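With chain L's structure known, arrange chain D on it following the hints.
Line order of the protein sequences matches chains L and D.
Counting in my numbering, the first sequence runs without a single skipped number right up to 1088 at its last residue.
Counting in my numbering, the second sequence runs without a single skipped number right up to 278 at its last residue.
No lab work stands behind these hints, which were simulated from the structure alone.
Take these hints with a grain of salt, some might be off.
[Unchecked claim] Pairs of lysine to any residue residues, derived as SDA-like cross-links and limited to a Cα-Cα distance of at most 20 Å, are as follows:
1. Lys573/L x Lys214/D
2. Lys573/L x Lys264/D
3. Lys214/D x Arg571/L
4. Lys138/D x Ser640/L
5. Lys268/D x Asn1032/L
6. Lys570/L x Lys214/D
7. Lys264/D x Asn1032/L
8. Lys202/D x Glu586/L
9. Lys138/D x Gly624/L
10. Lys202/D x Pro578/L
11. Lys214/D x Gly569/L
12. Lys202/D x Ala579/L
13. Lys592/L x Asp151/D
14. Lys573/L x Asn203/D
15. Lys214/D x Ala579/L
16. Lys573/L x Ala265/D
17. Lys620/L x Asp142/D
18. Lys214/D x Asn462/L
19. Lys138/D x Gly595/L
20. Lys618/L x Asp142/D
21. Lys592/L x Leu153/D
22. Lys264/D x His974/L
23. Lys214/D x Pro578/L
24. Lys620/L x Glu140/D
25. Lys592/L x Leu155/D
26. Lys465/L x Asn204/D
27. Lys214/D x Gln463/L
28. Lys573/L x His206/D
29. Lys465/L x Ile213/D
30. Lys138/D x Val626/L
31. Lys573/L x Asn204/D
32. Lys570/L x Ile213/D
33. Lys214/D x Thr584/L
34. Lys618/L x Glu140/D
35. Lys264/D x Glu1033/L
36. Lys264/D x Arg975/L
[Claimed, not checked] Some chain L residues well away from chain D (every beta-carbon gap over 10 Å; in silico):
37. Gln523
38. Ser540
39. Val682
40. Leu751
Keep in mind it's a predicted model, so treat the numbers as computed, not measured.
Glycine is no exception: its CB is placed at the ideal position from the N, C-alpha and C atoms.
Each chain, written out:
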Amino acid sequence: MTTLETTRRDFLKTSSLATGGLLMGMALPGSKMEAQAAGTVYTPNAWVHIADDNTITLISARSEMGQGVYTSMPMLIAEELNVDINQIKVSIAPPAAVYVNALLGAQITGGSTSVRDGWEKLRIGGAQVREMLISAAADKWKVDRSQLKAERGMVLGPKGKKASYGSLAAAAAKLPVPEKVALKDPKDFRIVGKRVKRLDTPAKVNGTAEFGIDVKLPGMVYASLEQCPVIGGKVKSFDASKAKGMPGVVDVVQVNDGVAVVASSYWQAVKARQALSVQWDEGPGAALDHHKVLASTRAAADTAKVLPIGKPVGNAAEAMKGAARVLKAEYITPMQAHAPLEPMNFTASVKDGKCLLIGPTQFQQGAHGAVAGVLGIKPEDVTLKTTFLGGGFGRRLELDFIVQAAQISKAVGRPVKLLWSREDDMTHDFYRPLGLNQLQAGLDAQGMPVALQFKVTSQSITQRAFGLPKDTLDPFMAEAAVAAYEIPNTQHDLVIHDSGMRVGYWRAVSHNMNAFANESFMDELALAAGKDPYQYRLALLKNRPRFANVLKLAAEKAGWGQPLPAGRARGIALMEGYDTYMAQVAEVSVKDGQVTVHRVTVAADLGRMVNPDTVEAQIQSSIVFGMSSALMQEITLDKGRVQQTNYNNYPVVRMNESPQIDIVLVESSEKPGGIGEPATALVVPAIANAVAAATGKRVRKLPLTPEAIRQA
Amino acid sequence: MSIKLNVNGKAVAAKSESDTPLLWVIRDELGLNGTKFGCGAALCGACTVHVNGQPVRSCQTPLASVAGKKVATIESLPKNNSHPLQQAWIKHDVPQCGYCQSGQLMSAAALLAKNKNPSDADIDQAMSGNICRCGTYPRIKAAIKDAAATMRKAA
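Next comes chain D alone, as it looks inside the complex:
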């Protein structure tokens, strides 16, 4: 008995038990390690992925609930770091330990997908579910604004 879904554009038949959180399906079964485990309770955002374009906490998303849906993980961003957000993260040298950054990037990507000119308040609203214990918030904020500007120019 497997559950069919689409992960980063590829059809997947997941064999994990249907109550397994999507996080562990992505990591342990599909071997996509970029998505991280931080709290297991949707409190820290390290496990953020997109389901049908919406940011969700994959640690609290049972496999059964994403049957037939499109999942995008950090690995959906270009491996050569050419996405404006990745470029901005590099320009501002955002990561420290880096553990939360996949989740931060996926939350930021979801924000910019619907708002190409976010205010400080918009950024706070979209990003405050993502904890960074190293405190990279000032740089994340600057990088999001930078990436948004790049994306507006490209549009």
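Same shape as in the complex, but just chain L:
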């Protein structure tokens, strides 16, 4: 048994969450969401709500956007609470300090942090309540608590005495939360580490799962928002006379980001929006295009301030001079959109100085604060309920659409559902920034690297979103910059450049650009040395056992070195991201520049796993997501206008393009790593290396379109 110190700060009793016996945010007037318990609900701590009718609700402080937290977060609590995972209900937490993600410093779902942040915290949360229930039973039966144990929702005592958690909840909730609790030895886990069926699947196969787009409030109207075609532009003037006369139109109102048409139905709002005439002040963004973004980034790489990433090893500049051979390469990862399938939306009801918000968000605390700020009301007068998210990928960390919904509701004095079109979504994203990676290596006479210089130039999302001071290293630009390999002299640098684009965190963030560059370059070095890219890497991992292990596992499983059908080739890549060690082998063929990915093999060591089936699902998901990124997607601009508008000109991988995916998971007792993102980044160089092996052409600027391959 392990004993962990509980900090008061993290585990304050949150009895304020219980309002009139019902969970806060669960009994919203007129919404489909209902209190999950009929009885009186008690909240021994922030994670466990027990009703006297024995309904047990476990709280997920993270948003469910597909990654499985609706199941994995309760699994961690249930393990120590000693309840059957199928006996419980799940609720997504409202904004509250206790639910802050310690790895990110705010109530955020992202960065593949949910399990890493919750691993101890949630087990402690479950164990605390278990101990409180046992204490309550001990008091009731006047026996020593050491004679009692908690199992499957019951406290069991001597002489066959037993009491359900529900019957003890009222007394337990009055007890102090224990400072110290004993946690199970992992070998005794009954839930964690098992392939548990997702708790949200039943509602997602019969149409009843509630997403933001499905929210309805009494008296609700629908809004469609015309925003400036150039992001950042402002309304100069508008003529709504025609729109106002169209069927169903309630009002046309100006908000910070544009002009909203509000109508009795969404389609009426869309049609009337087409009749709207808006004059824009497009602002400086109108001069921007993707060529300028690249050109200014390249210029900054040569002239702007250089920030070291980590400590240099040896003296790369000196060692480069003595190298038998020096290789240089420049890699470019393009701007990309998130394009989650559920377009941006939120429902807001602003009335009498209070605001109710319901919808899909990855950032409860941000939404809460931003809306309170823009409406000029107190944060405690803003109530936020999170629905299921129809995809997130980082887009729903942003707050623009939430603030818009609140402003529109305030302007029309009614509950409003704001729903963007796909075109709105594609052209008003916070885009993944362009990445420019410049690498240089010195090889010895045997072709092995003696020096490596790495410089990445890109835009800081953290400066925009969280006010990171200028000339400060942005950790979300330096991920996977320092690779696994043992090279005696290395130097890694970052240049931060504001290109004028509106940028956002995009699944796997800077792992994408840095892993593409590092792993493509490693293959180029192996080629220059005349060595097999797998063996070349392995030779540089003598003291990196977790890296070497996954590399070997992936190579073996993929049949590295074994003959392939004519026209096929393999590529390999290796990375650590989110404390997860991963290797991939992609098997491709290329015909007239068109890449077909036949098979991707993944070996991953992410330490302890909560739900291995979810781990596999996230790897499968990441492979498909990363393939779209590698092969198809690029955001371009003309006169500041994003030119991609829908899934026709911003394609995503479809079923007929989806490869066979083989996964090897390493059993490990290391601390858990994140798995929602790393495979997204790593599949890109695995494919690029396979394409180079198949064609002899090295593509250094993504995506790997037929045109790019022909021109390489």
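Same frame as chain L, but now just chain D:
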């Protein structure tokens, strides 16, 4: 002026303007929220429903064009998830975010209604109009095969 149609076995007189896409009639007027909006251009398949048994993209299907026809939405599948496809989706834990899955299920249901033993190519052909941004394709494919086997046994 209303347009009469049949939705999930019930006679409906829809009052929306006749050019309103069926998607918004189903969702906003009839309150059946399972059918989703993804692209508005018949590119993603999230809005797939059956019209007289054929899978159609309801975002590009004007209300007027379905007058007198039979429409089936995800809500036509059993709420207790007893349909072989729903069972297979649960067995394989297919959904991630779940947003596309109503459309995926309706496309799959249309496929299995006419082909109880689909090949990989048949499945690709029937399902490649449905985008899943979470990349659940391998599991969808496995689940369709599983459901087809169940349906063949039951037949």
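Against the structure, the hints come out as follows:
The hinted pair formed by Lys573/L and Lys214/D meets the criterion: a straight-line CA distance of about 8 Å does not exceed 20 Å. About 18 Å separates the Cα atoms of Lys573/L and Lys264/D, which keeps this hinted pair within 20 Å; it holds. With a CA separation close to 12 Å, the supplied pair Lys214/D and Arg571/L stays within the 20 Å bound. At roughly 13 Å between alpha-carbon atoms, Lys138/D and Ser640/L fall within 20 Å of each other, so this suggested pair holds.
The straight-line distance between the Cα atoms of Lys268/D and Asn1032/L is roughly 15 Å, inside the 20 Å bound, and the hint therefore holds. At roughly 15 Å between alpha-carbon atoms, Lys570/L and Lys214/D fall within 20 Å of each other, so this suggested pair holds. About 10 Å separates the Cα atoms of Lys264/D and Asn1032/L, which keeps this hinted pair within 20 Å; it holds. For the hint linking Lys202/D to Glu586/L, the alpha-carbon distance of about 15 Å falls within 20 Å, and the restraint holds.
Pair hint Lys138/D plus Gly624/L holds up; C-alpha atoms about 12 Å apart against a cutoff of 20 Å. For the proposed pair Lys202/D and Pro578/L, the alpha carbon gap of about 9 Å is at most 20 Å, so the pair holds. Between the alpha carbons of Lys214/D and Gly569/L the distance comes to roughly 18 Å, so the proposed pair stays at or under 20 Å and holds. Taking the CA atoms of Lys202/D and Ala579/L, the gap is near 9 Å; set against the 20 Å cutoff, the hint holds.
Only pairs whose Cα atoms come within 20 Å are accepted, and Lys592/L paired with Asp151/D is accepted, the gap being roughly 9 Å. A C-alpha spacing of about 17 Å is found between Lys573/L and Asn203/D, which places the hinted pair at or below 20 Å, so the restraint holds. The suggested pairing of Lys214/D with Ala579/L holds, with an alpha-carbon distance near 14 Å, which does not exceed 20 Å. The suggested pairing of Lys573/L with Ala265/D holds, with an alpha-carbon distance near 16 Å, which does not exceed 20 Å.
For the proposed pair Lys620/L and Asp142/D, the alpha carbon gap of about 19 Å is at most 20 Å, so the pair holds. For the hint linking Lys214/D to Asn462/L, the alpha-carbon distance of about 15 Å falls within 20 Å, and the restraint holds. For the hint linking Lys138/D to Gly595/L, the alpha-carbon distance of about 18 Å falls within 20 Å, and the restraint holds. With a C-alpha separation of about 19 Å, the suggested pairing of Lys618/L with Asp142/D holds against the 20 Å cut-off.
For the suggested pair Lys592/L and Leu153/D, the alpha carbons sit about 13 Å apart, so the restraint of at most 20 Å is met. Proposed proximity of Lys264/D and His974/L is supported: the alpha carbons are some 16 Å apart, at most 20 Å. Distance hint between Lys214/D and Pro578/L is fulfilled; the C-alpha atoms sit about 10 Å from each other, no more than 20 Å. A distance of roughly 17 Å separates the Cα atoms of Lys620/L and Glu140/D; the hinted pair therefore holds under the 20 Å criterion.
Proximity of Lys592/L to Leu155/D is assessed by CA-CA distance (about 12 Å); at most 20 Å being required, the pair is judged to hold. Between the alpha carbons of Lys465/L and Asn204/D the distance comes to roughly 19 Å, so the proposed pair stays at or under 20 Å and holds. Distance hint between Lys214/D and Gln463/L is fulfilled; the C-alpha atoms sit about 19 Å from each other, no more than 20 Å. Using a Cα cut-off of 20 Å, the hinted pair Lys573/L and His206/D holds, with the two alpha carbons roughly 18 Å apart.
At most 20 Å may separate the alpha-carbon atoms for a hinted pair to count; Lys465/L and Ile213/D meet this at roughly 18 Å. With a CA separation close to 18 Å, the supplied pair Lys138/D and Val626/L stays within the 20 Å bound. In summary, the hint linking Lys573/L to Asn204/D is supported, as the alpha carbons are separated by about 15 Å, within the 20 Å threshold. Using a Cα cut-off of 20 Å, the hinted pair Lys570/L and Ile213/D holds, with the two alpha carbons roughly 17 Å apart.
Taken as a hint, the Lys214/D and Thr584/L pair is honoured in the structure, with Cα atoms around 18 Å apart against an allowance of 20 Å. For the given pair, Lys618/L sits about 18 Å from Glu140/D by alpha-carbon distance, which is consistent with the 20 Å threshold. The straight-line distance between the Cα atoms of Lys264/D and Glu1033/L is roughly 13 Å, inside the 20 Å bound, and the hint therefore holds. Between Lys264/D and Arg975/L the CA atoms are separated by roughly 15 Å; this keeps the pair inside 20 Å, and the hint holds.
For Gln523/L, the non-interface assignment is confirmed: its Cβ lies about 40 Å from the closest Cβ of chain D, beyond the 10 Å cut-off. The non-interface label for Ser540/L is consistent with chain D: the shortest C-beta to C-beta separation is roughly 27 Å, beyond 10 Å. In this structure Val682/L is separated from chain D by more than 10 Å, as the shortest Cβ-Cβ distance comes to about 37 Å. Distance to chain D confirms Leu751/L as a non-interface residue, since its nearest Cβ pair spans about 27 Å, more than 10 Å.
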